[in-house]
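Q: Spelled out, the chains give:
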Amino acid sequence: MEDVVSEVLEQRGKDVSFSEIESVLARGTQTTGATGHARALTVTVVAIGPDERAREALPPLQQLCDGCAVRAILVTQAPTSSSPKLVGNVVVIGGLPDRYVDNALAALRLSSLPTLVWWRGGSADMLASLAKLADRVVLDADPAPAVWQRALELVEQSAFSDLRWTRLTRWRALVAQFVDVPEVRDAIASFNQLRVEGADHASCSLLAAWVRTALHWKDAATIQILETTRDAAIESINLGGDRTELALRLASSRRCVEASASVDGRTLMSRVVSLGNESLTGLLSEELRIRSRDDAFEAALRGAVRHYEHVSTEHRAP
Amino acid sequence: MTENPFHDNLRIEPTPGPTTLVIFGATGDLARRKLLPAIYNLGRAQRLPARFSVIGVARSPMDDDAFRKQFIDSLREFADVDAEHDEVAASLAKRLFYHAGAPDDAQAFERLRARLQEMDAIEGILYYLAIPPGVYGQVIEHLGAAELSQPRGRGWRRVIIEKPFGTDLNSARELNALVHRHFTEDQVFRIDHYLGKENVQNLMVFRFGNGMFEPIWNRRYIDHVQITAAETVGVERRASYYEGAGALRDMVQNHLMQLLALVAMEPPIAFTAESVRDRKMDVLLSMQPLLEDGPAADGQPNVVRAQYAAGWVAGSEVPGYREEPGVDPHSTTETFVALRVHLDSWRWAGVPFYIRTGKRLPKRTTEIAIQFRRPPLQIFKRTSPSSIAPNLLIVNVQPDEGISVRFEAKLPGTRMQLAPVMMNFRYGTAFGGQVPEAYETLLLDAMLGDPTLFARHDFVEASWALITPVHEAWRREKPAAVPTYEAGEWGPREADALMACDGRRWRTL
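Going down the list, the sequences are from chains A and B. Counted the way numbering that gives the first Met the number 0 counts, the first sequence spans residues 0 to 317. Counted the way numbering that gives the first Met the number 0 counts, the second sequence spans residues 0 to 508.
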């Protein structure tokens with residue numbers, strides 16, 4: 000896959016100048032017969048990251064262009080070419096010094112429409128300059144604590160999210176929907192235990208911080224994060240108190256979550272729900288539908304940064 | 000702690016509280032084609048509550064497993080889902096139950112109550128009447144008699160009633176009165192699936208969420224409005240219903256009146272159910288009667304009806320309406336109707352609204368076209384002799400939901416020559432993701448108790464009050480008075496004459 004992408008980026012892409020991009024995209028739309036795409040554009044999506052991470056972003060960006068009316072720009076920090084390229088409908092820029100990236104994007108983004116930056120890594124200064132330019136920054140980089148710390152310093156300048164948080168949408172909704180059931184809601188004051196199991200400590204921390212914030216937990220509650228070596232960022236969540244427990248676990252298909260609520264060991268209800276489209280394109284599509292600040296994320300982010308190293312963490316073999 | 004603290008800023012919202020959906024007519028076409036797939040899609044999108052179950056009610060003896068199989072089959076047939084291997088479908092199927100009972104069987108409702116108690120369905124119960132309109136009354140009466148219409152303690156009871164709601168003004172009033180004996184108005188959800196379509200909802204956003212359109216949305220700038228709902232299909236398997244209904248009852252009284260109201264309504268003071276529905280109601284109250292006491296000023300009737308004769312649609316030869324199975328060979332039921340509507344309001348005085356709907360027309364499309372006045376001075380007449388096309392704003396309702404604007408542009412070249420261009424916005428390609436089906440939106444709204452997209456009792460009655468005199472006049476006419484149009488044509492000549500006498504013509508679609 001990487002080789003193919005690399006080939007597409009470097010060989011097949013069409014060289015264009017900055018000033019030509021508008022007209023080349025318009026001609027491309029005419030020749031491909033893509034009707035709605037260029038006629039009612041809704042947002043500029045900018046993916047940016049180090050070489051490998053940027054290359055991985057190309058296929059999802061192309062799918063995004065096929066599925067919705069976005070202008071997609073990929074900024075790779077490797078010097079792929081001296082001029083921008085058009086790869087399908089994606090504008091690819093490479094080899095720009097960090098300090099000029101915001102300037103280049105300012106010239107290429109759609110006027111008067113939102114800009115979303117998909118941050119796959121890079122220097123802290125560049126993140127700051129893009130936060131000024133973007134309406135929304137979606138983080139997707141490691142190591143999470145460092146990136147999050149920097150994001151918290153920039154939240155006044157732009158709305159932030161993280162693809163880890165996007166992956167938690169369905170899990171969070173499941174927890175909330177169980178608490179809609181009166182027997183569970185009546186018991187939440189007694190909830191004092193949370194166990195999150197998964198391969199990605201950062202995702203588990205975000206989820207734990209969200210629960211801690213929602214339930215106004217202080218130090219009396221027990222939060223356990225179990226790191227596994229399986230592929231899923233989150234494998235299971237157990238939340239409850241002495242009598243009531245919510246148990247959410249990734250199904251064997253890895254596409255659904257099996258969930259149940261029980262009181263005194265008796266199952267009140269159980270259900271299976273889909274995790275939705277967890278591809279990068281699917282996650283980005285969800286982020287494109289969020290047009291306001293995500294206050295829940297910002298609160299969870301603060302909590303996750305504050306408690307990142309302080310929750311009880313265990314490692315579990317697969 | 001009484002509120003759910005996890006709902007703050009949740010991306011999947013809102014979600015209803017615990018709900019049991021009771022579908023009357025669970026083995027029927029509507030349930031299989033629309034409701035069961037809608038339930039699955041809501042489940043797939045995680046919009047259903049954690050405690051959710053469905054009880055299907057119908058006459059046929061069947062057990063829970065057979066009803067679950069019907070659910071799986073419906074998904075495969077009408078939602079293109081490989082339901083046998085789908086975990087969400089399997090999980091939902093476990094929460095489906097079946098209850099055999101006829102609408103006139105009081106004991107069946109007693110047994111239903113016992114079953115609901117047994118299932119611990121004490122919170123929300125939503126009844127969906129997906130049954131023939133003739134038995135709405137029986138079901139409502141029995142729900143009331145079995146004390147199923149009002150909650151005991153906490154929880155709620157609501158009822159969704161499908162169209163047609165009555166067959167004329169009197170029957171609609173009687174049905175409303177009967178429903179109100181057992182349910183209060185805020186428990187009643189009269190469904191019109193057109194209102195669940197994204198672009199119909201978007202019409203309000205378009206008008207009231209933008210500053211640039213509302214100032215020109217009036218008689219000073221708009222010449223006229225055309226609303227078209229065209230179908231290529233004939234009467235299909237619905238002859239027994241359609242013979243007694245016709246296009247005026249089937250399409251105009253509900254769907255097209257709703258579209259007209261959304262186009263013509265004044266801005267509501269807030270986006271609340273009552274405020275929106277009050278303003279829509281004002282539109283119907285301002286409508287001039289469709290039949291005038293004497294001859295119309297221009298001698299042209301405001302209503303034209305017709306019936307399709309044999310012809311060709313989309314390359315296939317099709318029979319005429321009277322040759323369709325189940326249709327009376329001497330039927331006078333109209334399969335096409337065109338109307339000219341005038342509103343006595345400050346905003347719309349003198350602006351006609353033309354409405355047409357029919358079966359076996361050349362193309363399946365529903366749209367609202369707002370035609371603006373031409374510029375007051377034709378300054379390009381000398382260099383561009385062809386007359387300037389008026390600006391159009393087109394709201395596509397189906398099949399391709401979106402909005403288009405037509406305006407004039409200069410043709411490239413040295414001459415100042417003008418040509419119309421169309422700018423398109425399409426829901427399917429603008430935002431990505433799936434556009435929800437109307438039934439998904441409306442089912443969810445009913446579970447949430449939001450009646451904004453449902454018809455209120457007074458709207459239904461006002462709509463019938465406008466339509467009923469037309470039916471009464473038709474009944475007095477001789478059968479031979481029903482004109483015909485060839486299947487595959489855009490209606491009869493009389494429909495063209497209805498606009499031609501105003502110096503206008505129907506849009507080419």
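In short, the hints are calculated from the structure, not lab data. Here a beta-carbon is modelled for each residue, glycine too, at the ideal position from N, C-alpha and C. Accuracy of the hints is not assured; some may be wrong.
So the derived label-pair ranges between C-beta atoms look like this [as the list claims (entries may be wrong)]:
1. A/H306 to B/R363: 56 to 66 angstroms
2. B/G152 to A/S269: 51 to 61 angstroms
3. A/S278 to B/G210: 12 to 22 angstroms
4. B/G27 to A/S252: 25 to 35 angstroms
5. A/S122 to B/P419: 44 to 54 angstroms
6. B/G27 to A/G264: 37 to 47 angstroms
7. B/D28 to A/S269: 24 to 34 angstroms
8. A/S269 to B/G243: 23 to 33 angstroms
9. B/T507 to A/S251: 50 to 60 angstroms
10. B/E12 to A/Q156: 22 to 32 angstroms
11. A/S269 to B/G27: 28 to 38 angstroms
12. A/N237 to B/A176: 33 to 43 angstroms
13. A/D241 to B/A105: 44 to 54 angstroms
Reference listing, derived: stretches of chain A covered by chain B, where coverage requires no fewer than 3 residues with Cβ under 8 angstroms from a Cβ of chain B [unchecked claim]:
14. 60–67
15. 117–131
16. 140–154
17. 192–203
Q: Now, for every hint given, state plainly whether the structure supports it.
A: Do the hints match the structure? See the list:
1. A/H306 to B/R363: 56 to 66 angstroms: Once the Cβ atoms are compared, 57 angstroms apart, the range 56 to 66 angstroms for B/R363 and A/H306 holds.
2. B/G152 to A/S269: 51 to 61 angstroms: violated, 26 angstroms
3. A/S278 to B/G210: 12 to 22 angstroms: violated, 38 angstroms
4. B/G27 to A/S252: 25 to 35 angstroms: holds, 33 angstroms
5. A/S122 to B/P419: 44 to 54 angstroms: holds, 51 angstroms
6. B/G27 to A/G264: 37 to 47 angstroms: holds, 42 angstroms
7. B/D28 to A/S269: 24 to 34 angstroms: At roughly 32 angstroms between Cβ atoms, A/S269 and B/D28 fall inside 24 to 34 angstroms, so the hint holds.
8. A/S269 to B/G243: 23 to 33 angstroms: Because 47 angstroms falls outside the window, the suggested range is violated.
9. B/T507 to A/S251: 50 to 60 angstroms: holds, 56 angstroms
10. B/E12 to A/Q156: 22 to 32 angstroms: holds, 27 angstroms
11. A/S269 to B/G27: 28 to 38 angstroms: holds, 30 angstroms
12. A/N237 to B/A176: 33 to 43 angstroms: Check failed, 54 angstroms falls outside 33 to 43 angstroms.
13. A/D241 to B/A105: 44 to 54 angstroms: With a Cβ separation near 47 angstroms, A/D241 and B/A105 satisfy 44 to 54 angstroms, so the hint holds.
14. 60–67: This one holds; 3 residues, not fewer than the three required, reach chain B with a Cβ under 8 angstroms.
15. 117–131: violated (count 0)
16. 140–154: Our answer is that it is violated, as 0 residues pass the Cβ test (under 8 angstroms) against chain B, missing three.
17. 192–203: Check failed, 0 qualifying residues.
Checked against the numbered hints above, the structure breaks hints 2, 3, 8, 12, 15, 16, 17 and satisfies the rest.
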